[in-house]
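Add chains H, U and E to chain L, keeping to what the hints say.
Chains as they are written, first to last, in the UniProt record's numbering: chain L, 1 to 444; chain H, 1 to 444; chain U, 1 to 444; chain E, 1 to 444.
The set of hints was computed from the structure by calculation and includes no laboratory data. Glycine included, C-beta positions come from ideal geometry on N, C-alpha and C. Keep in mind that the hints are not guaranteed to be accurate.
As the list claims (entries may be wrong) - Residues from chain E that keep clear of chain H, each with C-beta distances beyond 10 angstroms, as calculated: (1) Lys-8; (2) Ser-12; (3) Glu-279; (4) Ile-311; (5) Trp-335; (6) Lys-337; (7) Ser-338; (8) Lys-356; (9) Thr-415.
To be verified - Mimicking DSS-like on lysine-lysine, the simulated pairs with C-alpha atoms at most 25 angstroms apart in a straight line are: (10) Lys-8/L to Lys-425/H; (11) Lys-139/E to Lys-132/L; (12) Lys-341/E to Lys-318/H; (13) Lys-341/U to Lys-139/H; (14) Lys-350/U to Lys-156/L; (15) Lys-337/U to Lys-318/U; (16) Lys-132/U to Lys-293/E; (17) Lys-139/H to Lys-132/U; (18) Lys-8/U to Lys-425/E; (19) Lys-139/L to Lys-132/E; (20) Lys-132/L to Lys-293/H; (21) Lys-132/L to Lys-337/E; (22) Lys-78/H to Lys-183/H; (23) Lys-341/L to Lys-318/U; (24) Lys-139/L to Lys-139/E; (25) Lys-337/H to Lys-337/E; (26) Lys-425/L to Lys-8/H.
Stated by the list, open to error - Here chain U is said to cover these stretches of chain L; the calculated rule only asks that three of the stretch's residues, wherever they fall, bring their Cβ under 8 angstroms from a Cβ of chain U: (27) 207-215; (28) 223-234.
4 protein chains.
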Amino acid sequence: MANATSIKDLPSLTGLHHRRNPLEENPFFHPSHGFYISPSDVVLSQVVYDLSDASQPHVAYHRAGPRREILYEPSSVKAAIVTCGGLCPGMNTVIRELVVGLWELYGVREIYGIPAGYRGFYSMEAVELNPKLVHNWHKRGGTVLATSRGGFDLCKIVDAIQQNGYNQVYIIGGDGTMRGAVKIFDEVSRRKLKVGITGIPKTVDNDVGIIDRSFGFQTAVEMAQEAISAAHVEAESAVNGIGLVKLMGRSTGHIALHATLSSRDVDCCLIPEMGFYLEGKGGLFEFLEQRLKDHGHAVLVVAEGAGQEIIPRNEAQKQERDESGNLVFLDVGVWLKSALKEWWEREHPKELFTVKYIDPTYMIRAVPANATDNSYCTLLAHSSIHGVMAGYTGFVSGPINGNYAYIPLEEVAQTKNEVNTSDPKWAWVRSVTNQPDFETNFKG
Amino acid sequence: MANATSIKDLPSLTGLHHRRNPLEENPFFHPSHGFYISPSDVVLSQVVYDLSDASQPHVAYHRAGPRREILYEPSSVKAAIVTCGGLCPGMNTVIRELVVGLWELYGVREIYGIPAGYRGFYSMEAVELNPKLVHNWHKRGGTVLATSRGGFDLCKIVDAIQQNGYNQVYIIGGDGTMRGAVKIFDEVSRRKLKVGITGIPKTVDNDVGIIDRSFGFQTAVEMAQEAISAAHVEAESAVNGIGLVKLMGRSTGHIALHATLSSRDVDCCLIPEMGFYLEGKGGLFEFLEQRLKDHGHAVLVVAEGAGQEIIPRNEAQKQERDESGNLVFLDVGVWLKSALKEWWEREHPKELFTVKYIDPTYMIRAVPANATDNSYCTLLAHSSIHGVMAGYTGFVSGPINGNYAYIPLEEVAQTKNEVNTSDPKWAWVRSVTNQPDFETNFKG
Amino acid sequence: MANATSIKDLPSLTGLHHRRNPLEENPFFHPSHGFYISPSDVVLSQVVYDLSDASQPHVAYHRAGPRREILYEPSSVKAAIVTCGGLCPGMNTVIRELVVGLWELYGVREIYGIPAGYRGFYSMEAVELNPKLVHNWHKRGGTVLATSRGGFDLCKIVDAIQQNGYNQVYIIGGDGTMRGAVKIFDEVSRRKLKVGITGIPKTVDNDVGIIDRSFGFQTAVEMAQEAISAAHVEAESAVNGIGLVKLMGRSTGHIALHATLSSRDVDCCLIPEMGFYLEGKGGLFEFLEQRLKDHGHAVLVVAEGAGQEIIPRNEAQKQERDESGNLVFLDVGVWLKSALKEWWEREHPKELFTVKYIDPTYMIRAVPANATDNSYCTLLAHSSIHGVMAGYTGFVSGPINGNYAYIPLEEVAQTKNEVNTSDPKWAWVRSVTNQPDFETNFKG
Amino acid sequence: MANATSIKDLPSLTGLHHRRNPLEENPFFHPSHGFYISPSDVVLSQVVYDLSDASQPHVAYHRAGPRREILYEPSSVKAAIVTCGGLCPGMNTVIRELVVGLWELYGVREIYGIPAGYRGFYSMEAVELNPKLVHNWHKRGGTVLATSRGGFDLCKIVDAIQQNGYNQVYIIGGDGTMRGAVKIFDEVSRRKLKVGITGIPKTVDNDVGIIDRSFGFQTAVEMAQEAISAAHVEAESAVNGIGLVKLMGRSTGHIALHATLSSRDVDCCLIPEMGFYLEGKGGLFEFLEQRLKDHGHAVLVVAEGAGQEIIPRNEAQKQERDESGNLVFLDVGVWLKSALKEWWEREHPKELFTVKYIDPTYMIRAVPANATDNSYCTLLAHSSIHGVMAGYTGFVSGPINGNYAYIPLEEVAQTKNEVNTSDPKWAWVRSVTNQPDFETNFKG
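Chain L with its partners taken away, still in its complex shape (with noise of 0.2 angstroms):
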């Protein structure tokens, strides 16, 4: 194998003066430790290879770091920071660094924190952010600057951006406000503003793309699991007894498939990325019959985003659209939960039955991070820094096979990170959880 290596570039200001780091008048920090990322610094983005396949080039990603130069002189740096969408383990943490780094690191002094998600540009009052006050906040679940969905307008927040002067911002929120960051970047760029735009993708439900995982995914995947072992117990503890355990989830199926593989007390776990169907071979109901039949009892973990494309849908669910076109989603935990004990009392009506239903989603999504997301997210907001001192902008940070990278945002918004079902790795944490392959039983 000897492959050529293609370098994602990324967009910089310009147009302004490079001047040494500060971090070089810094007593802690010399030269000599290689304190410095040189931009031929990259980091691969693939590392699992079939050598009999040569052709595949290598594509690599600007790693991250403190530059010995940087683009801003920190006294003049007006920085904003904004979290949107949905609650996510660690948000406060990557606050609090972007704060703390800021100051201690970079000399910077003018901080502002912007409530309740993109509204709050141009509806609310900024509120100035320093170490001291964002001391503990990396122990407090959910965002103490508020967060909200929509809200975007992007006339309204670049004006905001240039009518405060804010010159450094930070976006902190799902592919949606991702996609938002990036018109905010055009329009700052087509204004010709010199403001560095950098996004942190916070998703739960770890559905973005190129990344390893998302921050604050496996504090949730924790909660889960005790989501799934309460189901476990209420289940073991019944005759015939199903814990269903509904997880968030839209599009993707990774907190359900990593809880089922953490927990290991799971029958079966749905996932939006794969078919399922109930009646008949090879369904869901005749693999729960068998379970039940084995060992008294059966949990079934769903992801919120699996069978919608079975979940009867009346008349207004069958027109009904959301913001995005598409069709309204439905509760699948909760049609689960009745397709079940319709199934039982049909077949089975004199024997006892259970079925207990928990979907712990607020309880997953408002906790503290963990210890491995805090060290996560701390890493996450330090590589930001780094990068928008050194004058990049457009881009997002993350950890690409355990390194901190650079990667242009526009790519970040436009990548989704689906569970691949056809990839060995899919086959084979199936073949750990022991659970049926609905799709081959059903084209089979």
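Coordinates of chains H, U and E only, in the frame set by chain L:
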């Protein structure tokens, strides 16, 4: 960059009949799903490159996972599992998954647990294991098989393997255990036994090389963070309070470092890879004095291997050597606690001062694995099984850049994962923790 | 104050031979240590008095503990243990301690677990229990014996007791189960069987009277507090965010009340014992509007039995009645969530508003008991054993003012522990939570 | 039984104007609800009686709660809160609730925190407290006010009270602190100052008398149980493994005893109130030898005050005395660990043996209070406020048989809550833990 790739070859059993993987008969796993991993699937070991240096060759390891052909007739397999050395979160999960995986995926029915480490091979009776028995083991800390240090008697062990007819041996243990496993592998080869030997590195310190991290490490960091949090509370609630936490890590400071990064409450983290000194300009006392002046308290984390060269030794300690011929280990926590008290008594005899010292070692290593580690242990055990069934031997499974791979056992036994204090990563991390650089100070 | 004392007498088995407690032979327990409880040892039921009212007589219960004489020859004991109704933290601890206590203290060797509740007596096979089997059960949630509701068939149950030769029956369950136990006790007496019957009240709602609190209650409050904490984080992180938590408590609001007192994050706690209303002066909406104006968010806790009389019922719901002839129960949480949304949409159609609704029921009741409850369950089980061995029957053990006592089963079955909203305690507690007094408002 | 009742009288401020409780103006609290507690409401101190002994008089304490009349004009109140001694879970909750209760219930606006214990009165600046500032304190361990031992200078303290015009002083601390509070109360009375003094007993050891238990105790037991669980895992995973846990309790063994009862993993629990010995017939070694033979491992819990009289003292330790003139305290954990090793080395030099020693002290006392303790702290603080506002002084609030009452401060300062080893309760508990009775053996 266009670099050549060299593959790390693996030993394999020879003279055995190749046969179809029984998973082929399993309706769940269809070849169409790309289930099998081929020998040409590899994982790159290095992902961070400096593009300006084009001479580095790529090194790759064989990817882990099920092979289309195996070398064992499942009904002829007699597997032995042994745990050696100290405790580490996840040991029971690994054992459980080895048993469940061998039993359910490959139909193996003879699986034995060797009690109490290496010496159990020749001095105790093995325990027969099956999925029902191990069902809940992954929720318990420690190792149900029990463990011990030492007891490595090569001849007796290989005799026992031979006499009991074990043809698969799964050895879970630390670096000393892995070096023993190499010897077993060599002796087994010398005797021309058809026995697959695999090592599963267990080191709560994360000091094993090549793999991303060892199992149980993230759980340990989580627990370590709790100890730090308690030390922080004690320090904050006192006048001139110092919270001092000693964490595991005889030769490497990974737990100390990661717990520091996670907790954000630590003022200074001392690790074996980095020298430090107490008195004088740039020393620890000067630094702490400033922190107490600024914040009224400080938190100090010290890995057990730090400072060994500066702790005063009495005559006996200057002579006494451990089994490996090294000077005996001194307790850096106890020493530091008393050194701090003496210093303050000397410098500020009339001012209040408190050191609260926590040694959470056994509360860290005895807990069950968290979700992240449980998932890791599960995939690790299954990787090992697939590799052994495919006929590989003298190898280790482990994640490399996030993908499970097979690594020659000997290589793992020889490589140490130390914190590289001349790597940009370390300097960067240090900028996050904002702690002094004793080495530079010392040299400068 | 000089009041007479009346003692609550207990039924006792008759016609049996008195014999020395085998504990007398145990070198550990010497009479000199005052080991035994005598029949004249009592526990007062009331400790709060108004001295100006001298007429109240004292009521006292027999103190629980080992008696010097017992009525069973240990080798002739055949004990049955059954768990009925829903889950509650600590059930497994009670079972474990019944088994261990009977076995180790009294030398009983025939102990059986009846699976799946009352119906298990006549439709399933009992499980033989011993200390080794139950060793770790106190660390597991749920009940290893399994449980179910209903299935009470008096004749079949007493037939089974008689046919199997059980002469001690330990019945763990809620108020319905206790009423069943009274019937079993009556029937057993009618048939003149020498069978000791004891009830162990299990009610996560803490709705059983006379005793201080029921086991598992404190664990439930701990978990409920976590759900409230999550709701609080969600509410705080939103604009006009309401966190709504539904907690267990069909007829009593103890969990809701105690979780509110513990968490200090709750703005209003609605319980079945207290009426409330939504619209108009002094109503819930007015109160919430003010809180949102003052703090930007609010947290609402509602016991599942609250508001049943004001939830609109459709025609079917007006007719449908449960087994006891009561109107079917409606889901106050779901109703309140939608009523809140409608209210806001009507009153403030243009302002952001979010309700995050958490129903943590199964995550609360399925956890293992915490330390306080484990200790309680242990002493409770041992109290029961000592009482039964001494020949008492038709009784319940439980703590009264912190001391374990024996209470006639019938009295427990008839008494309900409701929050007394005209007691000073309630008013005082309300002053702590600082929530509105709907009743006064309503009347006033 | 018809016994007389004697009431424990409380000191009260004199010469102050009686006024209506401002709660009367609060629309939430209507007299009709029986809100107020009257002076004739009492709580009995004893609930367990031997009916055959009719001579015992009842002792009763005044019930805690709001009074209809108070002695302070809220706008004239200047309150001081101080925390002394070591940490205990719940201290911050008590402080928070004192502030919130004074502010919201009575309209007090001048509330000061005295930093760092008694010495803070005269050597540091007080911190002004308000509900916004203390909002989240109940979720943090330790004491935000900071604390210290000693520093009791009666004259300076009362001078400071006088000079700063504090007319309510809330003193949170252990037995030494309470004895200091008595002196402050006496001196304040001598100077005829109109200052209400109340003590809030804080002792994680639960060694204060009269009240049911001290705050933080249940949280401490919960954490202690986790340490025991770790020790158990370590012991079980070794060959002849001993898990040894030292728990707090210099003069009383409550934490050790309750953690033992809760955990069910303990083989022997050693407390200060009970003598023990190591060698010979009936000694600890003999007992442990048997346990190791039976189970292969054992868990030992020792309260820090146990065994002081049998630990060998060197010459210095025979002379050295602490501030109170007692012999200095020796570390029973460290001693026991080495005594165990010596014993085994001597008796079984060729057999494996391991002692894992855990001292979780600071990890126990630094955690936030659990739900049960948080609730307790809340009611405790409100009880104190109501009592002080009503003009009581020189008193302590606390739960007696589950009901909050007021107790003369002097009585609390003089009473010690020890485990009574000649009480039936102890013998009974011992029968649960199933541990040896060294005293009987020794005497016998």
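Earlier hints that do not hold, by number: 8, 13, 21 and 27
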